[in-house]
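Undergrad: Put the two chains together into one complex; each comes in its own frame, and the hints tell you how they fit.
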Amino acid sequence: MELQVLTNRILGFALSGLLLSGCEKEITVDLPETKAKVVVEGTIESGQPPIVILTRTQSYFAPTSLSAIASIFIQDALVTVDDGVTVHVLDRICSDLIPDSLLDEAAAATGISAELLAQASICVWTKLDNSLLGEEGRTYRLRVETDGNSLTSSTKVPPGVALDSTWFKLAEQRPDDDSLGFLWGRLSDPDTAGNAYRWFARRISLGADGEPKDSRFLAPLFSVFEDRYFNGLRFDFAYNRGDEPFSSAEDDNNAESGYFKRGDTVVVKFASIGLREYRFYNSAANNIASQGDVFSTPSNVQSNITGGLGIWAGLGTRFDTVVCVP
Amino acid sequence: MRFPMFRRFVPLLAFLLTASEAAAQRSITISGYVKDASNGEALIGANVYVKETMRGTATNTYGYYVLNVEPGRHTIAVSYIGYEEFTQVVEATIDQKLNIAIKPMVIQAREFEVVGERKKENTEGTQMGTVDLDVQRLNTLPALLGEVDILKTIQFLPGVQSNGEGNSGFYVRGGGPDQNLILLDNATVYNASHLFGFFSVFNADAVKNIELIKGGMPANYGGRISSVLDINMKEGNDKAFHGQGGIGLISSRLTLEGPIVKDRGSFIVSGRRTYIDILTKPFISDTAAFAGSGYYFYDLNAKANYRISDKDQVFLSGYFGRDVFTFSGSGQGDPKFRIPWGNSTVSARWNHVFGPKLFLNTTATFSDYTFSFNGEQDQFSFRLFSGIKDYGLKLDLAHYPSARHRLKYGAQYIYHIYTTSTVEFTSGDTEFDIAKPPKLHAHESAVYVLDEFDITDQLRINAGLRVSRFDHVGPYINFLLDERERYEDADTIASGKRIKTYTGIEPRLSARYRIDGNSSVKASFNRGQQYVHLASFSSIALPTDVWIPSGTRVKPQIGTQYAVGYFRDLFSDVVEASVEVYYKDMDNLIEYREGAEPQSNGNTNYDTQLVFGEGYSYGAELFVKKRTGRMNGWLGYTWSRTMRTFPDINNGEEFPSRWDRRHDLSLVVAYNLNKRWDLGGTFVYATGQAVTIPVNRYWIEGRLVSEYTERNGYRMVPYHRLDLSATLNGRTTKQRKDPATGAVTEVPKRFTSSWTFGVYNAYNRRNPYFIYFGAEGSPSEGNFRVAAKQVSLFTILPSVTWNFKF
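Chains as they are written, first to last, in this note's numbering: chain Y, 339 to 664; chain X, 1199 to 2004.
To be clear, the hints were calculated from the coordinates, so they are not data collected in a lab.
Please note: incorrect hints may appear among the correct ones.
Pairs of lysine-lysine residues, derived as BS3-like cross-links and limited to a Cα-Cα distance of at most 25 Å, are as follows [as the list claims (entries may be wrong)]: (1) K1534(X) with K599(Y); (2) K1406(X) with K1637(X); (3) K1587(X) with K1509(X); (4) K507(Y) with K1534(X); (5) K1406(X) with K1987(X); (6) K363(Y) with K1987(X); (7) K1301(X) with K1637(X); (8) K1301(X) with K2003(X).
Keep in mind the model is a prediction, meaning the values are calculated, not measured.
Bound-form chain X, shown alone (with noise of 0.2 Å):
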């Protein structure tokens, strides 16, 4: 492998780094960890500044910061919210090391915090259409049956769609469901959901944070043209040994974690599994037609670290989970299933201090995705898989070489092995001629420069650039089709041949001027390119959906995005607001043509049914977010439209995506209601999905068959729904006498436990999930009719949770 384009990138980042280093003469850098005091938890994002300049910084995803000061004397101060406020004095004459333990606010009235812990970043950072969810303050939200999850919560923001009823699946601003990068610790997830779409993979008791970008993506991510979720696994417990855990309506929880050596090291090992099958097995009878049939998921989740020295610390995080769904008939004769399907994911990571201006993250990552379903019946035999295996490496390295300069600069790669769906068959000895297509295999990598610079006090620049490049290799079979697409030979490309490559000029910029201490206007642009896609035979996310590269004939997704918006603190920061408008431009989309289907997909190339064509996407996004106080939460309204563009489908013609909403509201609000009982409630609002439905009808053979017409032409009706919820806590501290005294004292109790009651859909809404068109009766018996028939999945679903901590 060669990367000519990186060698000429190399100039480009030592001149950068030399403008800088110049910039950088007369400051002393403060640098160092903030740690939570009581569990040695990095905080991430927490304010670290001057007192008496109110200048600063704030702490990266590991916790680091850099903070340049003047020589002198300052009061260093942190402030992250539902923590103790820290202060120190600082002699600064050198560079010198502050590393930081806060402890957690002992509150009477537990304040509720969901998203955005940075302070001001609101009206500071020039990122706009991000959002961070600190993921322990979810639990007290209501939640489908009981169980948190972190994705649907990611759906009350504005821009951000749910694909439908109890889908945990999300869609950014008008992007499909593949241009969403889901990391966990680094490493990409490629199905983030569980029983299609109900339950996402990620146990809010593993995640420590959540950080959302939906536009404006910085030039270190890359590979997707939507956005980023990006997740981190908590780290464990340094001081002690602790649990937690919950026991649900449908699922169990159990997280351990403690110190592997006390201030140095710690584990977490985190577990989930549903109990559907369990639960019912004994209430079916062996001769029922579901007898043998079960379902259930789990997830394992674990995470170690260990700081070797000051400048060093290690990370390992796994990830494994497994959906898993079994029929067997009573009868012999009976079709047997077994389809289990599930992500595994790991990272190894170091974190090194150069020195205190330059630090380095370097992430070695795993990730694999598999579908399979094996089933038997008779003497047939069949088994259809596929999924996806990545390998990456990422230096990451965050310089920081002037009070005025923030730095980042990197280089990815990943190997990406894709197993396109894969069908064997067998007749009693009979094996059908299914050719195995050979792995596909791809070369993904990057560089990126980007560097956020205060031009002056109002004016912050983010500028960015990302290069990538995509080769697809061989070893490949390339069919060559006949005019009726059958293969009449093919061509065998070599191990390690390339077949194709993509390069892609990335730039991000993104801009803030501060219009005075409490508002601001922020602009950005960015561009992307992405080589992975997802290509899908049904309008929900299955896990039979199938990721393929780009290659000869599919070329990469590039998405470009324009936004402005105007952003505001309120009542002492007490209130953000923003207004965003963005337009999105995405070119080179992929589809199945119409009438593909997947059993065309054998012993032809993996893009003979793919059609391509583009999208936009453009709206407004009002978010206004109460961040303290007894009562707290948040509004999302969002005004958007996204079209399609396919000359092979709608004859040509524009037509609404699936995730065209003209309309999407989102209330969340939390409230203490006292030192017992917290309460919670959800309202979402959303235009109806646009659909395909038949307009004409025919006949074939006596069968009733559909014309359609127009591609998503028809507006199901609006969804809305309330969920609420309340949680009973346990009491936190027990009385001791003192045998010598005989005074009372409040101790706080090792093991504390609440109960948390949930009401999904609060007022019964019979949402639709989809409508069919059916017909009933005999036209020969003068009874036929045909009808519209509306499907709603969720009526009112009442969840009791019991989680408890030791």
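Extracted from the complex, chain Y is given alone in its bound form (with noise of 0.2 Å):
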């Protein structure tokens, strides 16, 4: 439901096409020093221990090396869930301490590039023992403790919705190809306003590598939507591919970047969140789209974590899995 910016975006695109005397230059700019804060990123989905990834907040301009953003991860905090009966301490766990064999399966479950892993001391907190599993219908409070800050924050697992159904569709959008296309699903909203989705895929086949060609469950940028107009309704939608972050994979950055290609096996997850999950992952794909440009009004990311920035959301799952045929 992007209408509107994506309205200002087409009129953007309008406007850049006319604009064929426009340049732009690098520019220095003084930055205000500013206090760091702590950033979240938790998840709890349905029967999955909690994952939670600590980092701060740098001045826009901080250095860029591989190791001045290990620094941003943060290693040392207290991190509790509270599940209504039992308060669980969350276990940390630090990349130095991986195995390289299990590095991939680290990067594929925290999000965070192996090669970082690998290179840097980083920590996730998580329960190792299967004590705190997800439970659709329950509420999770997150409360962690670091460097003298204290931050609070709760989510609910809501109840999984499965997709009636979900295929593969040619996109159609060059002459003479017949290969690439987008991913659909069918979804019989519930009949209860407020529900919000968000959109996963792994490509499971194997690439040149004899390796699974997404090492974990990608999302799109605009990967989140809410029934505030299909409250109840069925209908069809369809999805892109969702790429690694600055991924150097050929087909991240030749024409098949963000489609589907006939013949993958796909798995798709699709997530029910709550309104303010919602509003946390459709604000930051915003903010990350944006960055300054004349056609939305710069604005931060919506946060639902107390003291702090980031996102402790539960996710209610279900799975389906395509295979890419049209």
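TA: Written as structure tokens, this is what we have:
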């Protein structure tokens, strides 16, 4: 439902097409110093233990080397999750203690690149003994104590909603192409207002290197939607293929970028989320996509964390597998 | 509808009338129209005065004047720059009618006039912050891509700012874009720009005169709190059929005018269309990504007038303009869009002269702005539309009871119909459940009275009162929202039922004290109320911006302005100069709240995402203008500050408005080199725009996120630019040999033409349009970096335009 945003972008696109003599140059900007804030990236999915990653904000022009980026990851914190019955203290796992052979799996579980995990000690908080697994309908309160900061949040794992069906359809956006397309889903939205969803997909068919094409579930940039305009309706929707941020994979940098391809086998993870969580992911996508152009008003991401930034999200998940045959 | 307030107002009017009638004894009234002898166009603001006493008046918007004189013999004179002086001796014994036609001067060295035709108006009038522009003389000034643009010329005046590079949007004394009342023959124009603001909708060939009031708004204007831009279309030549036009880089124009009945009625039709789409089409292959996309805009102006009698004249005028953007990709699965938007206005006017002292102007107006976006891709189709439609009626009476009083009173009424942003979306057979908000309806009405009164020869005041009223009425659906802003229920309000009523008492006062024949001080105070608002999601004016009415949550904007100035004529009125200082207070301003989204405007009330605040602006303006001579033009300088405070934005802390400019300087120069060549140059300098930029960065799922701290906390570098132009005028006469005598005489040519060459941004300054922050490379590959990039729009741009007349 990005209609007016889309309208403005299309107008912006039209405008940029007309500005034949336009040009850009890099400039130096002096930014005020502000105190770093703690950023939470935490999720708890149906039947899965919570995963919490803690980082800090940096001045926009802080150094950008891999080690400088690694330094934003917080190593030391007390992270607890209250499921209404028990307060669970989460276990800290740091990448320097993980054997190299498991780094890819760690990368898939955390969303942090394997290179970064290998190079620096990056810690995540989870529950190793399966004593805390996401239950649909239950509310989880998060508390983080670090660097003298105290952060709190709460999220509910909503009941999952399975898609009626999923399929592959050719995009037909190039005259001589009969292999690239999008994934489609049919959703019957429950007749209760306030449902929101997040879409993920992972290509499990093997690439040229003998590994699955995607090492984890990937969400496209605008991956969330809510039922403000389709409460209780059944309808079809389509998604393009998401990619790893800063991906150097060939098919993320050529004509196949953004498309699924005939022959791919794809697992779809369709997650129900709450409205506050929807607002977070949606505003984050807007923030990432705009970065200060004139067609939108710059605005901050709408966090559900008190005392910091970021997200603590419960996801009620359902899975489906699609073989890409039009 | 009831107007109890208006009834209370009637006795006041009656009192004012009797009071002024009493003062009117023992004077003779000479009245009539002043016209251009060559084409019958009414002349606005021509000085009509008694030569012996040098006391006089100026013609109104319709060229009508009323001069009150003592009984006796007087020399009546008319002066108007660019015209030959007219004098006539009149034996004033009884009231009489005197229609005057004056001839344009035949000048060897064409004088170039840009603003202010009213001689002595600078120090005589009570008006402050008011500028007149004679559009016909703008053609030799430099213009972006050769498109003469009256709104961009206005931006060269002190106190008026542009909204950035190449933009015709203007902002007056710290006020927002919705606070300017733009009138085309009395009909409101809601979106005065084409192509994202790069060109204004006003085709200079069809426009006769422009008046900008940026402070001290007299009581006959209202409904906006910053400024009035009053634009009059040409009436057409009532003597003979003529045409003019031009061929430019991006558009062409053609205007035809002529008599309907000679000396009694005339018409004018003027059109303009861009042709970027036609020019580029042959060069785009059918398979290119851009194939099937196009953009154009066009304008059509038409006007007709007919003088039924000496006492009655009728006018009918209209404007129709559209921008159309289309896109369809080459592939079957590509999205297809068609996005048209534009204005239409119609005004019908009847001028009636009741007697020598009472002039009535009745205007019925219609104006309509619509935007729509139609798109489809695969099985999806969507449509977004919005707009505003007005039906208006105005009665304006000008009453000249005595030499010392010039009264105006009248009533205005507008019925507004708003289409707030409305969306339709379907996926295959499923139509999404998007409540179509009923159109919003409102009645806006006002009565006013003002008296321009010479208390002594030195002191003149213009005191006025405007009483306005706004009724937001049904039909309306008021969504009742839960704490998540999801609607649980809705109140349906019946058609015509009053939802919210506001009234405004708007006093307007300005005074001029003449120190001597060449200098005066002026002061003004005025308060205005504004019932329509424009809410914008972007930092530039886009056609998607939606007009909304005052209502239960949205209170009327209130503007209060105080100004004081010193005005002086120098070198026998060749130069006029002024310094004005002002302070302006604005209440009930609207903005979208932080993080508001256009797509969340559906299934909720139109005001749900709005937040409210206040603002102020103060500044000093210097204006020096050389009116006549081979070299003329002006220098304007403004020092100002404009701030806003919204409890829900920027943590409630005060922040600079986007239109906050500490320094703003403009220089406009025209030089008549010789009979063939006119040169023009403009220079602008302005403090950099205040923008919001990220201060910190963080990561979400491996993607770079920006953290903004202060609203408009960063200044872009200053904006400055020099534009130059040169006009080569074709010969206006040809030689004719008398076959009988063999004598050779110069006779005027029927067809004349000129070439205007221009250079925009002559020294190729890379002015900032916007700044964005972005990342390149990849963290895992070690080549990751972030940078701030400044985008500039127009580098040096030459242009050429060929203009013709016949």
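Undergrad: Is the straight-line distance between the alpha-carbon of K1301(X) and that of K1637(X) 25 Å or less?
TA: The hint is violated at about 52 Å.
Undergrad: Does the structure keep K363(Y) and K1987(X) at a Cα separation of 25 Å or less?
TA: With a Cα-Cα distance of about 5 Å, the restraint between K363(Y) and K1987(X) holds, given a limit of 25 Å.
Undergrad: Are the Cα positions of K1534(X) and K599(Y) separated by 25 Å at most?
TA: Cα-Cα ~24 Å, so holds.
Undergrad: Take a quick look at whether K507(Y) and K1534(X) sit within 25 Å of each other, Cα to Cα.
TA: Holds, because 19 Å separates the two Cα atoms, which is no more than 25 Å.
Undergrad: Do the alpha carbons of K1406(X) and K1637(X) lie within 25 Å of each other, as the hint requires?
TA: 36 Å, violated
Undergrad: Check whether the Cα positions of K1301(X) and K2003(X) lie no farther apart than 25 Å.
TA: 19 Å, holds
Undergrad: Are the Cα atoms of K1406(X) and K1987(X) separated by 25 Å or less?
TA: 43 Å, violated
Undergrad: Please work out if K1587(X) and K1509(X) have their alpha carbons no farther apart than 25 Å.
TA: Violated - the C-alpha atoms of K1509(X) and K1587(X) are around 33 Å apart, more than 25 Å.
Hints 2, 3, 5 and 7 from the list above are not met by this structure, while the remaining hints are.
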